[in-house]
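Order-wise, the sequence lines are chains A and B.
As numbered in this note's numbering, residues 1 to 83 make up the first sequence, in order.
As numbered in this note's numbering, residues 1001 to 1231 make up the second sequence, in order.
Just so you know, not all the hints are guaranteed correct.
[Unchecked claim] Okay, derived cross-link-like pairs now, DSS-like style, lysine-lysine, Cα gap no bigger than 27 Å in a straight line:
#1 A:Lys11 <-> B:Lys1192
#2 B:Lys1142 <-> A:Lys20
#3 A:Lys11 <-> A:Lys41
#4 A:Lys20 <-> B:Lys1130
#5 A:Lys57 <-> A:Lys20
#6 B:Lys1172 <-> A:Lys11
#7 B:Lys1192 <-> B:Lys1172
#8 A:Lys41 <-> B:Lys1142
#9 B:Lys1077 <-> B:Lys1029
#10 A:Lys5 <-> A:Lys57
#11 A:Lys57 <-> B:Lys1154
#12 A:Lys11 <-> B:Lys1154
Source of the hints: derived by calculation from the structure; they are not laboratory data.
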Amino acid sequence: MLKAKIFVQLKASVLDPQGKAVTNSLHHLGFQNVLETRISKYIEITFSSDDETEVRKQVEHICDSLLANPNTETYHYQFETVE
Amino acid sequence: MRVSVITFPGSNCDHDAYSVFASRGHQAKLIWHKDTDLEKPDLVILPGGFSYGDYLRCGALARFSPIVKEVMDFAQKGGLVMGICNGFQILTETGLLPGTLLMNESLSFICKHQYVRVETSESPFTMNIKTGTVLDIPVAHKEGNYFIDADGLKVLEAENQILFKYCDLNGKTTIESNPNGSLQNIAGICNKTRNILGMMPHPERSATDTVVSQDGRRIFEALESYYSALA
Chain A
1 MLKAKIFVQL
11 KASVLDPQGK
21 AVTNSLHHLG
31 FQNVLETRIS
41 KYIEITFSSD
51 DETEVRKQVE
61 HICDSLLANP
71 NTETYHYQFE
81 TVE
Chain B
1001 MRVSVITFPG
1011 SNCDHDAYSV
1021 FASRGHQAKL
1031 IWHKDTDLEK
1041 PDLVILPGGF
1051 SYGDYLRCGA
1061 LARFSPIVKE
1071 VMDFAQKGGL
1081 VMGICNGFQI
1091 LTETGLLPGT
1101 LLMNESLSFI
1111 CKHQYVRVET
1121 SESPFTMNIK
1131 TGTVLDIPVA
1141 HKEGNYFIDA
1151 DGLKVLEAEN
1161 QILFKYCDLN
1171 GKTTIESNPN
1181 GSLQNIAGIC
1191 NKTRNILGMM
1201 PHPERSATDT
1211 VVSQDGRRIF
1221 EALESYYSAL
1231 A
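Full structure from sequences and hints, please.
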């Protein structure tokens, strides 16, 4: 089986209000050297197949059509073999 | 007019929209999202609410409801579609309208009266409303922060697709009068062919005698004028 570990992130050009709020909180906690925080989504999908080429195509289709909004988000992923 | 209001699991403004149209003498119907027949509407309403619990992204999952394919076909053939709040989010997720509704800059759910300025009377939704008219229409959302990239914004402006902007009582679009951080104070837009409207404010919540503002009626009156001019 293959597990896809997918990160969906806001594009650098898009303001991330949640990240900004976390940065402020970190400054309050005393971490003055924190410049920026960006919040992302992490999604794991397990496939019954071991065919990485095929699953790669599926993951890209899944990300393009549902998991990421192309207007504001980008994604990247990696695979892990699971028993 | 025949008006079909779509109910998704989690919609909560469908009955408000239905009763406004019904009270104005239109043949309004509630259509369940699993249906595949729009029942020959003149206007489709995608109402406010939290379709599919706002899971993943607001509006992202509603896009896969069976009725949405019918709504897309109807819209692409020129049918009138109005998406309010969550309906606007669904319209951007389907690609029928450009841009995205991001989380409010304040990270808070906002629910309040809001002034919006009509940017153009050139649409079925703003017909006969003078450009610059200020309307008091409530907002209630957490993800209403309109975003589009610089090229997209140029197109919206060039094609006169921005119909409503957040403003103050005097019609000034200031930072203070922008409730959610929307780019250029954008509150509502239409598509290039001007038959699809998406707006975050709720005109159906300001269209009956029993509420504080009746300004939402202007939009329903505009639709009625447009429709009677067609007939």
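Hint check:
The hinted pair formed by A:Lys11 and B:Lys1192 meets the criterion: a straight-line CA distance of about 26 Å does not exceed 27 Å. Annotation: proposed proximity of B:Lys1142 to A:Lys20 holds, straight-line Cα distance about 16 Å (limit 27 Å). For the proposed pair A:Lys11 and A:Lys41, the alpha carbon gap of about 13 Å is at most 27 Å, so the pair holds. Simply put, A:Lys20 and B:Lys1130 have alpha-carbon atoms about 39 Å apart, too far for the 27 Å limit, and the pair is violated.
A threshold of 27 Å between alpha carbons decides the hint, and for A:Lys57 with A:Lys20 the separation of about 34 Å lies outside it, so the pair is violated. Annotation: proposed proximity of B:Lys1172 to A:Lys11 is violated, straight-line Cα distance about 31 Å (limit 27 Å). For the hint linking B:Lys1192 to B:Lys1172, the alpha-carbon distance of about 26 Å falls within 27 Å, and the restraint holds. Simply put, A:Lys41 and B:Lys1142 have alpha-carbon atoms about 18 Å apart, close enough for the 27 Å limit, and the pair holds.
Proposed proximity of B:Lys1077 and B:Lys1029 is supported: the alpha carbons are some 21 Å apart, at most 27 Å. Taking the CA atoms of A:Lys5 and A:Lys57, the gap is about 14 Å. The hint holds against a cut of 27 Å. Distance hint between A:Lys57 and B:Lys1154 is unfulfilled; the C-alpha atoms sit about 34 Å from each other, more than 27 Å. In summary, the hint linking A:Lys11 to B:Lys1154 is supported, as the alpha carbons are separated by about 19 Å, within the 27 Å threshold.
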